[in-house]
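**Student:** Chains as they are written, first to last, in this note's numbering: chain G, 1 to 149; chain V, 150 to 239.
Please keep in mind that the hints were generated in silico from the structure rather than gathered at the bench. In this text, a Cβ means the ideal position worked out from N, Cα and C, and glycines have one as well. Just so you know, not all the hints are guaranteed correct.
Unchecked claim - Partial chain G-side listing against chain V, Cβ under 8 Å, derived:
no., residue
1, Met27
2, Val28
3, Gly29
4, Ile51
5, Leu54
6, Leu123
7, Asp124
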Amino acid sequence: MTRVLSPVAGRAIGLAGVPDPVFAQAMVGPGTAVDPVRAAGRAIAPVTGRIVKLHPHAYVVVDDEDHGVLVHLGIETVKLKGRGFALLAAEGDEVNAGEPVVAWDPVAVEAAGRSPICAVVALDADGGALTRVRADGPVHQGTELFTWV
Amino acid sequence: MTERRVKIKSRVGLHARPAALFVQTAAKAPMEVTVGRDGNDPVNAKSILAVLGLDAHHGEEVTLTAVGDGAEELLNTLEGILTEEEPEHA
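Sequences are here, hints too, so could you generate the full structure?
**Tutor:** Shown next, in the form of structure tokens:
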């Protein structure tokens, strides 16, 4: 069982609230999304495991149950080409849940014309594999967003 | 085994929407399907984790394989996803 923590503080809105159909229709996988507080911060690892993929705007951490969790910082932020993001870890690193992975600024993302909403997605999971999915209300950084069985 | 070399024309590479569509399509097929980058072991095309981990970019070539009935049609569809060039502003 994997407990998946919120990489950022903000308000849970569910995947349906993501302004990108790829996430909103759960095409990438089931999960939820967080509308982050508008302040510069450091996004954390949602689970304890290995960073198998690390881009400035997105990362994947795989835990010891082979559960891979994608954190996507903002929507279509790949087009910012890393501007406003700083890596605090490296691909291949083992991290504990809660350790900072990427420094970023949702205000700058918004100023660049992109939504800073963060999608947190269980990769290769069946929709029924997630329980206690938080889809509304305020969340702190590190608040449990869902449990993956 | 049917094999196909495909050059990725999607500007975002094999990420985001093309990656999700690619994996969804592959996952519906009954047979084994792989995608590989030169110099790397091919990965399971039905796994979004594996495909995102492949990190194939715009302009790169990948090799698709599928085995059995319908392999040719499936690879046609997958090739179509990878060669669809989304508009610049999308």
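**Student:** All hints, please: hold or fail.
**Tutor:** How the hints compare with the structure:
no. : hint   : in the structure
1   : Met27  : holds (4 Å)
2   : Val28  : holds (5 Å)
3   : Gly29  : holds (6 Å)
4   : Ile51  : violated (11 Å)
5   : Leu54  : violated (10 Å)
6   : Leu123 : holds (4 Å)
7   : Asp124 : holds (5 Å)
In summary, the numbered hints that this structure violates are 4, 5.
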